[in-house]
Amino acid sequence: MEITVNGTPLSARVPARRLLSDFLRHDLRLTGTHVGCEHGVCGACTILLEGKPVRGCLIFAVSVTGSAVTTVEGLVNNDGSLGIVQRAFHESHGLQCGFCTPGFITTIHAFLKENPHPTEEEAREAIAGNLCRCTGYQNIIKSVMRAAELIDSGVRDDH
Amino acid sequence: MTTKSFGEPILRKEDPRLVSGQGRYLDDLGHDALAAAFLRSPHASARILDIDVSDALDVPGLIGIYTYEDLEGRVAEPLPLLIPHPALLNGRTGYPLANEYVRHVGEAIVMVIAEDRYIAEDVVDLIRVSFEILKPVVGIENAKAAHNAVHSSVPNNVSAHSVKEVGDARAMIKSAPHKLLLDLFIERSACSPLEGKGVYAIWEEDSQELRLWSSTQTSTGVRAAVAAKLDLPLQKVECIAPDVGGGFGVKIMHPWPEEVLIPWAARKLNRPVKWSEDRREHFISSAHERAQEHHIEVGFDEEGRILGLDVTFFHDNGAYTPYGIIIPLITSTQLLGPYKPASYRVEFTSLFTNTVLVIPYRGAGRPQGVFAMERTVDAIAKYLKLDRTVVRERNFIQPHEMPYDLGLIFQDGRPLEYDSGDFPASMAMLKKMVGWDDFETMRSEYAAQGRKIGIGIACYVEGTGVGPYEGGFVQVETSGRINVATGLTSQGQGHQTVFAQIVADELGVPIEDVFVTTGDTRRFPYAVGTFASRAAVMSGNAIALAARQVRDKALRLAGEALECDPQDLEIVDGIIRVKGDHSKSIALKTVAVLSNPLRYAFDESAKAATQFAVGDTSKPPVPEDQEPGLEGKDYYSPMASTFANGMHAVIIEILPETAEVKILRYVVVHDCGRVINPMIVEGQIHGGVAQGVAGALYERMAYDESGQLQNASFMDFLMPYSTEIPTVEAGHLETPSPLNPLGIKGAGEAGVIPGSAVFASAIEDAEGFEIRRMPISPSELWELRRTMKENA
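If you're matching them up, the sequences are chains L and D in order.
Each residue of the first sequence is one higher than the last, beginning at 1 in the UniProt record's numbering.
Each residue of the second sequence is one higher than the last, beginning at 1 in the UniProt record's numbering.
A hint or two may mislead.
What the hints assert, rightly or not - Okay, derived cross-link-like pairs now, SDA-like style, lysine to any residue, Cα gap no bigger than 25 Å in a straight line:
id, chain 1, residue 1, chain 2, residue 2
1, L, LYS142, D, HIS732
2, D, LYS662, L, GLY129
3, D, LYS662, L, GLU121
4, D, LYS662, L, GLU120
5, L, LYS142, D, PRO678
6, L, LYS142, D, MET679
Rather than coming from a laboratory, the hints here were simulated on the basis of the structure.
Because the structure is a prediction, the values reported are computed rather than measured.
Whenever a hint applies, use it, and build me the whole structure from the sequences.
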């Protein structure tokens, strides 16, 4: 299969049944994408496929051949600084154990591309497909609002 | 001037790594390790007749198949009973792999090791086990009836029985002007961290050493247990908790069967082996908590003062009791909350059932106790037609009565004595924040629009920071980097930040220079673990004490170097200087150089410490009572637990058609003593409240009569999303604990504790009829409404 991951094109040979999440985590060693339920409910494995959030645990790696995939690692700025949503999570205490966080960050990154000025209710709806057991979501919603603020203030984000 | 960081909302040091995908959780390690998968029992109670592996043996990539018969030495013995107790008459534990009998769906029977997890699971599917299916015991009622036995050697399915009395409650109830009876029930839920359990082990054949990583809340506990099981010297085993994706109690249990089996297999095969739990495994083979049935008799006077409280309850401990009976012990002691009934009797019976074992889940027996107590207080208020807060206030322990001895023994084996708290002040704060006194106006406004709302209230006291001890290590490197280590583990509490805050303040260094390691036995081998809201209290104080040692040593050495009295020195931003005369100063990192006299200069800073550069030739380079290096180690071991407390109020609306509960406001008043980092404490409260809401309105373990867990997935176990969890309004009241140097109390579990109690209170207030079982779903509430209407 041919695939572009975080901007880098590569080719790989994978068994037909290998999940995209396992391919990213164990073959490419991009372990930022986490697996929390393996049945598409928790959203921890959410990656961006051509910019759209999808569950990495519900797709076979081979089925995305020819596509571009972005993981949480790929949302870091080119100079190594945190991307806007990542920075917003840090500033808003949007994470505790951090296990679900990559799935939220990819989801919110895509959401803010569509709606850069969300209301708090829209922010709450936007993250309603991801489970977090630590934060009670309050500071994740705050992180969404903070990220929107950072976008508005012209803070650098390469992605 | 160094900015004081204790008490400040310092952003977390762990975040940049975790938000950029650079965390290292268990399954992020060991990509080339062999993988384990388990065949688990599909039956709740059965005898294993045969295990047929013949179809599985030819699968390419298979390394090994192991059953109980293959286990060796102490690995084949029952798993340890971690917390024995005199009331635990019939404690039972399982085996790493089932030995003839299985006692719950999910119990491990066969371990398969293969080149990768896909192959291991293929092999599991090809193994055929034949069973003689036995009749299971599911639920407290069936356990009590004891028509079937979970363990043939345990009569009546009773593992433990305890009676405790303070005064003669039964006589007091008899002679009381008023009495009430209540039956109260709470259903099971589970910790459900987003990351399940996992173990990864490497055996070093050359040095005969074992290194293992576990997604655990106690790496020292796992290390000791594995060393004992594998018959290895403790020195030959190291255990590391990597980044852990949530714990909430389930990962304090140890050793899990897999924590014994994976290291055993790694040594046997001389290959690294890893197992990562999947979600279904977590549901059926980890642990649950909460199921209890309580019968209450209470006698009280005209004013609502409780004269006698008699509580009898039954606890469902699942199939085994490896963690002892900590949960009912906590319920029985913490049930009293902020109140002082004139007499108290509590009796509990702990029962075996053919279900997943029960160990603490955040709150650990307190949510049930608070539910029981708070329903009782609400019932008294209703009976006497008094405001619910008034009855509470009349029964409160008063601030001037602190420390208050409740006459019981707490879970740590020490007297249950509250050290601090101001309950009337907390109540006043809560009432003001939620608008308690104006609620009737709000109710009528909503009623005018045809909407039904209710307000609930619940109070709790939580024993935190239980012993026996934790330790701290602080070291100043010659680069100025400060290394800090403590043995307990982290699962998202921000320890790398809060412990760094403590050290930064104690030592007078920038927080950026402080690096904290937790849960790594190579760095700090003496520890207990992270549970019972104890990390900040225990390790926080130990680290503070260790930092004070380092400070004392640094000032003494600096005093010698600057030829002045250490008393006249201060440390600011990593520079030791004379107070009031900043021209005389020396960097802390230079003192670190001086503290370690050297023969060899390996870099510029080391040159200053070589034998021709420093030293009073009339003394040995390291004075007799000194050690080289600028470091300190100390331990904190408390006389008793410190007691945090809080009160929650919730305003809900119940939809007329669907009986759906909508949360309009959720208000928390919380007292955890001195707060190290308010941002992190609030985060803990938010997360706790979310689990409280979950346990009150959504989550339960739906076992059918044959012991099958019918909702063992995130599709069916209704863990709330953002759309179900309210915005929490939190107020802090600080009554410092007099028991520890920093004056702090634990905060980790607080948010979850009054969940079921506060929602039951609010639903009852809105609907007018009694709520006696939690959690409650819209369909159950709708049905209650219907039967109430019919009966009326």
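**Q.** 25 Å limit on alpha-carbon distance, applied to hinted pair LYS142(L) and PRO678(D)
**A.** Status holds; Cα separation ~16 Å.
Q. Are the Cα atoms of LYS662(D) and GLY129(L) separated by 25 Å or less?
A. holds (19 Å)
Q | Agreement of LYS662(D) and GLU120(L) with the hint, judged by alpha carbon distance not exceeding 25 Å | A | holds (18 Å)
Q: Please work out if LYS142(L) and HIS732(D) have their alpha carbons no farther apart than 25 Å.
A: This hinted pair holds, its Cα atoms lying about 21 Å apart.
(Q) Please verify whether LYS662(D) and GLU121(L) have alpha carbons no more than 25 Å apart. (A) Holds, because 15 Å separates the two Cα atoms, which is no more than 25 Å.
Q: Take the C-alpha atoms of LYS142(L) and MET679(D), compute the straight-line distance between them, and say whether it is at most 25 Å.
A: holds (13 Å)
Checked against the numbered hints above, the structure violates none of them.
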